[in-house]
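J.: Since the structure of chain A is provided, determine the placement of chain B on it from the hints.
From first to last, the protein sequence lines stand for chains A and B.
With the working numbering, letter number 263 in the first sequence gets 263, and the count goes up by one each step, no holes.
Just remember that the working numbering sits 1000 ahead of the position in the second sequence, which is counted from 1.
Worth flagging that the hints you see were computed from the coordinates, not collected in a lab.
Quick caveat, the model's predicted, so the values are computed rather than measured.
Mixed in with the good hints there might be a few duds.
As the list claims (entries may be wrong) - Below 35 Å or equal to it, Euclidean Cα-Cα: the simulated DSBU-like pairs (lysine-lysine) are:
| hint | chain 1 | residue 1 | chain 2 | residue 2 |
| --- | --- | --- | --- | --- |
| 1 | A | 140 | A | 205 |
| 2 | A | 140 | B | 1090 |
| 3 | A | 140 | B | 1121 |
| 4 | B | 1090 | A | 276 |
| 5 | A | 270 | A | 171 |
| 6 | B | 1136 | A | 205 |
| 7 | B | 1090 | A | 205 |
To be verified - Here are a few chain B residues that face chain A, going by a calculated C-beta distance under 8 Å:
| hint | residue |
| --- | --- |
| 8 | 1065 |
| 9 | 1092 |
| 10 | 1113 |
Claimed, not checked - Non-contacting residues of chain A with respect to chain B, defined by C-beta distances greater than 10 Å in every case (computed):
| hint | residue |
| --- | --- |
| 11 | 32 |
| 12 | 63 |
| 13 | 138 |
| 14 | 177 |
| 15 | 179 |
| 16 | 197 |
| 17 | 269 |
| 18 | 270 |
Glycine included, C-beta positions come from ideal geometry on N, C-alpha and C.
Here is what each chain is made of, one letter per residue.
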Amino acid sequence: MSQPARTASSVTPSRLGARAAARPAARPGRRRDLTALCVVSVLLILAMEVASRFVPPFIMPSPLVVGQAVLELLTSDWHHVSVTLLRLAAAVGFSMLLGVLIGLLMGTSRRLGPYLNSLVIIDTGIPALSWMLVAVFWFKDPEARIFFILTVILLPFYALNVYEGVRSMPKEWVDMMESFRPSRWQLMRYLVIPHIVQYVFMTTKSVIGYAIRMVIFAELVASAVGIGSRMSLAQSTFRIDYVLAWTFLLVVLNLVLQSLLNLVERHVLKWRAEAKVR
Amino acid sequence: MNPIATPTTTTQSDAFIEMRDVSKHFGDFLAVDQLSMTVRRGEIVALLGRTGAGKSTVMSLSMGTIAPDQGTVRVGGADPSREFDALRGKMAVAFQTDRLLPWRTAVENAELGLLILNHSKSQAREAALHWLARVKLEGAEHKYVHELSGGMRQRVSLARALAVDPELIFLDEVFSQLDHVTSQVLRRDFSRIVREVGKTCVFVTHRIEDALDIADRIYVLDAPARVCLALSVSEQTRRDPRALADLHDQIAQAIGGDTESAGHDPNYSENQDLS
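Excised from the complex, chain A in its bound form:
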C-alpha cells in the first residue's frame, strides 16, 4: 500500500482541522478503557488480599508476596521470558505468512481453493491436545515440537479470516480494477492484499491471547525452557506465589502485545473511518 508523499502543501488547513477534530473524540474512549482496567485490577487485588486472610498461603498468598515473586522472577528468569517471546513471535509470524497465503489461494484459486478449504476445515476440528501429543511422537527437538503445535493451531484462524476477507471484497471494486485490464499480480497488489490487511490485524488481535496460552501449554508438555516449564516447576515445588506471579506477567504480556498491535493498527489502518454506535 503506497503512502502519499507528505509535502508541505499537502497539509492543508482542512486536514489539520480534521486531525484536531479527531483527537478529542479518540481520547475519552481510551481513557475510559484505561480507567476500567485499573478499577478491575484493583478489585482483583483486593479480592486476593481478602481471600489470603481466610485461607492458607499455599492456597492464596497475599498480593504483596506475589508482587515480591514477580520482582524475583523479573530479575532471575529473563532468559525464560525471552525464549517464550521468541517462540511466540516465530510461530505467530510463520502462521500469519502461511495462513495469509493459504487464505488468498482459498479465495482466488478455483483449482486449489476447495482442497485447501477442506484441509483447513479438518484442521480446525482437531483438538489442540491431540496436536501436542502427536508432536511429542513426531519431533525430537522441543523447539520443533512447540513451533509445530503453535503453527497448526494458529494457521487456520489466519487462513479462514483471510478467505472471508477475499470473499467479502465488493465485486464493484473488482469490476473497477478489471476495467483497466490489470495482470493477476496487479489485482493482488493493488486490491486484494491491501483489502485483507484489516483481516490480518483482526485475526492477530483475536489469536494473540490464545497463542500465549498455547505456547505456555506447549512448553509445559514439550520443553524444559520457557515460562511454561517454569510454571510446571513452580507447581511441582508448591510455589503458588510463583505460579500466580507468572500468571500476572502473562496477563501483562498480553496487554502489552494488544496495546502494541492497536498502536500499529491505528497507524496502518488510519484510512478507516470508525463508526461509533450510540
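T.: Chain B in isolation, oriented as in the chain A frame:
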C-alpha cells in the same frame, strides 16, 4: 424504429464503437435484443432508458467484460471480449458509485489506472495531480475517501478515468446519485473537459436532462435493450429551451413516460426521471 425518431447517420470508417444485431441472454432473460448502434470518435453519446432497460449490459458488452450471444461488437477495430488486452489503456470507466479504494487517498486513487498501465510512480503522481486539479479538487489530494463528500468522490472517480488518457470513456450513471445541483455542475465540468481533450464518451443514464445537457447523440433504449429512438442534439438546440422541450417530449414518448409533465412546457422539469 419509432416514427418520431430523428435518424442519425454514421459511416463505417469513423465509427469507434460498432454494434451489429447484438443479443445477450442471462439464462432465460433477454437483456439485449438485436441491438445495432455506432459511436463516432470524439463524440459524446448517451444511452438513455428506464432502469432495467439493459443499458449497463450494453456498456459491459462494449467494455468486453461480457461477450454477446449473437451479433458483433467492435471497439477501435477490436473485439473487446475476445481481444481483452487489445484495449488495455484505451478505455476507462466511471461508475454509478465512485468505487474508490478506501485505503488510498484521492491522489492515490486517481493514479491507480496509470500504475496498472505500468507508468512510473512519479509520472502517475504528476498526471493524477493534474487531473485532480482539472476536476477542481486542489487541496483534497491527500484526503482519504471517508473525508470526501459524494460529489468530491465522483470527481476523483472521473479524474481516475481521465488520468489514463483513454480514447474512450464510459460513464455508468455517474451523476444519478448526486443531488441536482452537484450533478449539473459535475456533468457540465466533465462535458467541458471531455470536449477539450477530444475523447469519445459513452454515458449511461436514466435521466433525460443528463442526456440532453451534454450528449451529441442520444440512443433511447427499450427493454430488452434495443434502440427505439436515436437523435442528435446540437449546441444550437441546447440553447433553445423550446427545442429542448420538444426533444424531451420525444424521448419521454419513446420510453412511454408521462409526456404531460415531460416536455410540452418550455420550462420542462430538469429532474424528469425515468427510473
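J.: For the pair supplied as a hint, residue 1136 (chain B) and residue 205 (chain A), is the alpha-carbon distance within the 35 Å limit?
T.: violated (41 Å)
J.: Quick one, are residue 140 (chain A) and residue 205 (chain A) close enough, alpha carbons at most 35 Å?
T.: OK: residue 140 (chain A) and residue 205 (chain A) at ~31 Å, within 35 Å.
J.: Does the nearest C-beta of chain A fall within a distance shorter than 8 Å of the C-beta of residue 1092 (chain B)?
T.: holds (7 Å)
J.: Does residue 270 (chain A) pair with residue 171 (chain A) here, judged by a C-alpha cut-off of 35 Å?
T.: Between residue 270 (chain A) and residue 171 (chain A) the Cα gap is close to 23 Å, so the pair holds against 35 Å.
J.: Would you assess whether residue 63 (chain A), listed as outside the interface, keeps its beta-carbon beyond 10 Å of every beta-carbon in chain B?
T.: holds (46 Å)
J.: The output says residue 138 (chain A) does not contact chain B. Does that hold with a beta carbon cutoff of 10 Å?
T.: Label holds. Min Cβ-Cβ 41 Å, cutoff 10 Å.
J.: Beyond 10 Å on every Cβ pair: is that true for residue 197 (chain A) relative to chain B?
T.: Contrary to the label, residue 197 (chain A) does not stay out of reach of chain B, its closest Cβ about 8 Å off (not over 10 Å).
J.: Any Cβ of chain B at or closer than 10 Å to residue 179 (chain A), or is the non-interface label fine?
T.: violated (4 Å)
J.: Is the hint on residue 1065 (chain B) kept, meaning its closest Cβ partner in chain A is under 8 Å away?
T.: At 6 Å from the nearest chain A Cβ, residue 1065 (chain B) passes the 8 Å test, so the hint holds.
J.: Does residue 270 (chain A) clear chain B by more than 10 Å, comparing its Cβ with all Cβ atoms of that chain?
T.: Not fine: 8 Å to the nearest Cβ puts residue 270 (chain A) too close to chain B.
J.: Given the hinted pair residue 140 (chain A) and residue 1090 (chain B), is their Cα-Cα distance within 35 Å?
T.: violated (61 Å)
J.: Non-interface claim for residue 177 (chain A): all C-beta distances to chain B beyond 10 Å?
T.: violated (7 Å)
When the structure is compared with the earlier hints, violations turn up for hints 2, 3, 4, 6, 7, 14, 15, 16, 17, 18 and for no others.
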